[in-house]
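Student: Protein chains in written order, with the numbering used here: chain A, 23 to 766; chain B, 23 to 766.
Think of the hints as simulated: they come from the structure by calculation, not from any bench.
Remember, it's a predicted structure, so these values are computed and weren't measured experimentally.
Heads up, a few of these hints could be off.
Copies of the same chain look alike in the list, so a pair counts if it fits in one copy or across any two.
Claimed, not checked - With a cut-off of at most 27 Å between alpha-carbon atoms, the simulated DSS-like pairs for lysine-lysine come out as follows:
hint, residue 1, residue 2
1, K122, K248
2, K282, K142
3, K714, K506
4, K186, K441
5, K386, K315
6, K186, K78
7, K91, K107
8, K243, K528
9, K501, K148
10, K420, K91
11, K507, K760
12, K249, K315
13, K91, K506
14, K331, K142
15, K574, K528
16, K112, K142
Protein chains: 2
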Amino acid sequence: MTLRVLVLHVKASTAVNRTSGRRKPIPSRFTKKSKLKLSEYLKNMASPEIEEIRNKCFQQLAPLRIAVKEYGDLVRELKTNGAPKIDVDKAVIELKARKKKLEEMEVALAPKDASFDRLKLEDLLKRRFFYDQSFSIYGGVTGLYDFGPMGCALKANMIQEWRKHFILEEGMLEVDCTSLTPEPVLKASGHVDRFADWMVKDLKNGECFRADHLIKNAAEKIIADKKSDNATKTALQDVLARLEGFDNKDMDEASTVIRKFNFKSPSTGNDLSSAIAFNLMFPTQIGPTGDFKAYLRPETAQGIFVNFKRLLEFNQGKLPFAAAQIGLGFRNEISPRQGLIRVREFTMCEIEHFVDPSDKSFAKFKKVESYPMVLFSACNQMDGQPAQTMMIGDAVKKGVVANETLGYYMARTHKYLVKMGVDPRRLRFRQHLGNEMAHYAQDCWDAEILTSYGWIECVGNADRSCYDLMQHSRATNVKLVAEKKLSEPKAVNVVEAIPNMALLGKEFKKDAKKASESFEKHQVQVTLSQLSDDQLTALEKQLETDGSYKLKIDADEFLLVPAMVSVKRSTKTAYVVKVHVEEITPSVIEPSFGIGRVMYAVLEHSFRQREGDEQRTFLALRPLVAPIKCSVLPISANERLNPIIEAVREELARYDLSYRVDDSAGSIGRRYARTDEIGIPFGVTVDFESEKLPWTVTLRHAESMEQIRLDLTEVGSVVHALVTERMEWTEARQKYPKFEVKNE
Amino acid sequence: MTLRVLVLHVKASTAVNRTSGRRKPIPSRFTKKSKLKLSEYLKNMASPEIEEIRNKCFQQLAPLRIAVKEYGDLVRELKTNGAPKIDVDKAVIELKARKKKLEEMEVALAPKDASFDRLKLEDLLKRRFFYDQSFSIYGGVTGLYDFGPMGCALKANMIQEWRKHFILEEGMLEVDCTSLTPEPVLKASGHVDRFADWMVKDLKNGECFRADHLIKNAAEKIIADKKSDNATKTALQDVLARLEGFDNKDMDEASTVIRKFNFKSPSTGNDLSSAIAFNLMFPTQIGPTGDFKAYLRPETAQGIFVNFKRLLEFNQGKLPFAAAQIGLGFRNEISPRQGLIRVREFTMCEIEHFVDPSDKSFAKFKKVESYPMVLFSACNQMDGQPAQTMMIGDAVKKGVVANETLGYYMARTHKYLVKMGVDPRRLRFRQHLGNEMAHYAQDCWDAEILTSYGWIECVGNADRSCYDLMQHSRATNVKLVAEKKLSEPKAVNVVEAIPNMALLGKEFKKDAKKASESFEKHQVQVTLSQLSDDQLTALEKQLETDGSYKLKIDADEFLLVPAMVSVKRSTKTAYVVKVHVEEITPSVIEPSFGIGRVMYAVLEHSFRQREGDEQRTFLALRPLVAPIKCSVLPISANERLNPIIEAVREELARYDLSYRVDDSAGSIGRRYARTDEIGIPFGVTVDFESEKLPWTVTLRHAESMEQIRLDLTEVGSVVHALVTERMEWTEARQKYPKFEVKNE
């Protein structure tokens, strides 16, 4: 069911251009999109046309599906039998390669949006300054984009709706933390050690290439070359299929491929280095001494985790609660391409929902239970099966989705994306396979949107378990826990090391700077707190007998003397207290949105060409997110119309509607086209009819080009109702007399 | 007139606490602030009380004023007579020292807000998590702050209003550019060379101190020490007075002071280095090669300048137009203190208004002409005179403010700040003295707000002339100009160097990497374009005779051969074209807001203590910016009230009003206090009266603690009207029956 098409009954429009003399039928596909209810969509999916396509595809896809399942089964079997890890990994690479071939065929077979042409969209976006490459007068920087007035407003509207949809509607706690992040924080989160991509270097001039991109391009070139022998081609085709599977562990394999096929730098032809890891965080330093290392945050999530205590307190100590952050993330991509899909600086919207790990039910889950979604489960992926439409309630009941909280956020994410203008037929939730997930994650579903770049991950929905809070707690020795009442008290043994912090500080001050002193003091404290009861007993004994104890801190050793630390216990047995509450480290469910990616998908899905005039492209943006809600166009520059124009402005301003007056020269048709290009959904035209009392104007629906005529005093409230989607265009059309346009 | 106090007629409130039994009169000063029209404020300023205070102050300030004027006159005289720069600079330092003494006395004499206690405010802000130090579980980082739910909402509301007040209302072009900025951009803007503070280093352990702070603290310590001799004390008092004048040029003087008085590191007692410049930008690098240097932007303005061409085009080539940007700025302060006033990462809102340098009139200026503002002109400052209240129209007419565009933005800035909750009596616009301005600036007025830290610059309003566009144009060889129609055509001579870029590229490619190749190629191109006609003729000749030409690029030389460059002219005389348009580099007027500083000022000006119960502090935030607009409090936990609570929620949600239900245990009085602390302006209480049909609730005005009783079905519209400031509380109080509270 990944192959879906929606056939809607399309009426030919009778709307006719005022000036150009050409008749314009309504463009086919999405005309009624705003009216499309999900239930109707599902009904349509079962239509005979769909079945026919599905049958045709079935024959071509069946063998590929079987091939995937073969390896899916093998992986399961190896895991069940406890086979060596290396064998499992190999089988997973092959599984991924087969999945990729299946998916490529699926995409190839999917009915194309005949009207979509990425170059034309990019031309429009650049020309009307939605966004463009940053610093282009200085030659430009890849992976950095500046948003112009239209892109900026679109983005601001999307963020504003996100805030309403999630933060306000769910009563989340919003925070705004800094991008600058000290190294120890990102060391604890694992980013310093593991947040890297693989690259190869030109051995002579130092130019860098992303290892997988280089292999892909070089292999494709050889395969396309008629002179290459067949054995090489086959071998390289196999490499291409496996390439996605070359992750951290397998980069040795990438180096082997580069050596084996003698790949060179594409710019200079020089030899290349082996694949080396490159950390994707931008490094900097705080303050003038040069020894306070920091990075620009790669995600906003860590800012929420380090504020957990304050947030829990703000929530009066109660679980569950969710915190959210809207802000910048930075990733120093090796060689970013693909426009807004892969950038070095981007806006993220992240939610961290903190919940008792033993109870991930969600009070409001019943509100979304019957919400239907396209789910592409790990199981389906391993079986070579397509994605399935399921109600989220069923998915949780059947255990396809791990818990209600995760399911709730997936449904809310789906709803938000569709509200923004993502075509629901090009939206799926794909579950991570076991080996795709971070080792601590319990379940993870990416909202993927189909664009001309393929299926793009735009939102991650992950159950991160209690990993992050535990890591920060370990690194700082600060308890990041919530209290849970126990039904009856419980006995606990306490043995703990009590460091003499003042003395430790003095010890470190002798030969170190202030910043590192407090850091090292802290390290000792943390390490001590992590010793087991047995280790503490050994420490105590050794301090007594030897007068010192060597504490290992990573690679270093630190000599403790008795004055520096004591071990506390009530008797020689154990210190016993009775507790009525239990401390738990909450689990975290994280929906994480890349707003730029969603925005790009919305732009692709909103892009249209007028039928019969493919040069005339436009954006059918949802009124809710459109940068400007209404245009105001006088039919002529005659000054007589000015008071009416002024009255229209006031009407629109009264309803806080953003508008743009275009009184420039140029035919009304050209001016309509100009406003359509930037996705203005409605347009008010003032003509000489308007002067008759009471003043009237025409209101044009950009997508259908239909117009109605109404009293000027009504235009504000009608446009407002249309923009807030409280009224459909068809309703407005029925209520007011249609204005027959002479050929737009 | 810098000393102003506003005496308002204050009625004692009859509102009485429901539970605590204590009577609470309305706190004095700002009770009627929301009603305060500027005209009334001015009337009040002339009241007899003010005159009395003014007279008292006059006697103490008069000699200080004379002392300032003496040096103001001297500076003017020296400048007029063309005295050596060193003499002028010395006189300016003395002038500033005297100004500082005068201002300190003025602040000391100003009537204090008796209720203000910064520690109490800070306690509230931290406890209720408006904001707090970032990464505090890791020991914290100075100059970095995280905003919690309340601070975040307050900031978001302030930004939202800024966007409405400026961008939407003025039809500005909003952009959103990257924080990451390549070095050449900031080299051109002057930041790489000049954006620095002075610091001294501990010669043994490398710890750094801001030079001026170190001198201030050390000097104050010696002055306070009884054992110090008088001569030293006097000398150091003089140093303190001059300290602000120690700018870039005068840091030698700082080093001299440190040596002369033998100042040591306050942490270790070690010797200190001389004062050295420390660039305040955070350095990083883009991409993996390590040779693409970049910084985090210190201001958002440069992003607008480098997009000038696109923006002009978006505006269909027409001047004037304004672009705006809301985003992060980063400054690596040496040792930030003063909370939100001096931070390392902050949100800025900047406007760049591009205008024909020969016509800076502003069409909408007449709308603000009669807007009164407190102006502290350079002239008044040099004469030792206080700030004056003037209508902005008069200020422009008299030449106090340079032009209408600048004046318009100053008035709009004032309006915005007051709308946010800045007390207009603690707001002034101070003009930069000649030597304070950047060398390119033509006029500059800072909006300064009086806080417990003194007068703080919160908004800069500068006429930056055409400096930035010229600099970027020079650096990139891209014309950043607008076209202006000439009344008649004009002849122009054209002699230009035409470089062979491909050949230059090859030449550089031999031994350099890709990035620097294109950079160096570009440098040659730029340098060539800047040669005069005579220099070009010399170049042409030398290429002919010697076969080569050494082109100087800063410190480097580059050997050009004839194939690399040719000189284009139509004949041996000059290439003549006729033009109908003139290219002009626009001037830029820049209002630049530090949102964090404005927010801090708003918090200080909104902070109140209940009279008679100073422990009970609260924030009287303007409803427009309050993080949460309404609280909902059931008088008891009795479940009978639940349906009414639910109905109130629906009422408020229908009007998009943010609300917070507090159904926790605790007396209603304590819960009121809790909502008052976070600045919730209105509260709905559901009590047992509410159950009678039709359902009613009480509505409480937090600032006055007064309550009224109204039908539940009205509460949404009434709160909405109050929050949008379409209705005053007094109106609501007259319209609905007062609810007599038993002792809150």
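Student: For each hint, tell me whether it holds in the structure or not.
Tutor: Evaluation of the provided hints:
1. K122 to K248: This pair counts as within: shortest intra-copy Cα distance 25 Å, inter-copy 82 Å.
2. K282 to K142: neither (41 Å within a copy, 70 Å between copies)
3. K714 to K506: Classified as neither: same-chain Cα gap 72 Å, cross-chain 40 Å, threshold 27 Å.
4. K186 to K441: Answer is both: 12 Å inside a copy and 24 Å across each meet the 27 Å cutoff.
5. K386 to K315: Neither. Shortest intra-copy (43 Å) and inter-copy (50 Å) distances fail the 27 Å Cα cut-off.
6. K186 to K78: Result: close neither inside a copy nor across copies, 44 Å intra and 54 Å inter.
7. K91 to K107: within (20 Å within a copy, 84 Å between copies)
8. K243 to K528: between (64 Å within a copy, 26 Å between copies)
9. K501 to K148: between (50 Å within a copy, 20 Å between copies)
10. K420 to K91: Only inside one copy: K420 and K91 sit 21 Å apart there, 85 Å across copies, limit 27 Å.
11. K507 to K760: neither (66 Å within a copy, 44 Å between copies)
12. K249 to K315: neither (52 Å within a copy, 43 Å between copies)
13. K91 to K506: neither (45 Å within a copy, 70 Å between copies)
14. K331 to K142: between (50 Å within a copy, 22 Å between copies)
15. K574 to K528: within (19 Å within a copy, 57 Å between copies)
16. K112 to K142: Result: close neither inside a copy nor across copies, 42 Å intra and 63 Å inter.
Of the numbered hints given earlier, the model fails hints 2, 3, 5, 6, 11, 12, 13, 16; all others are met.
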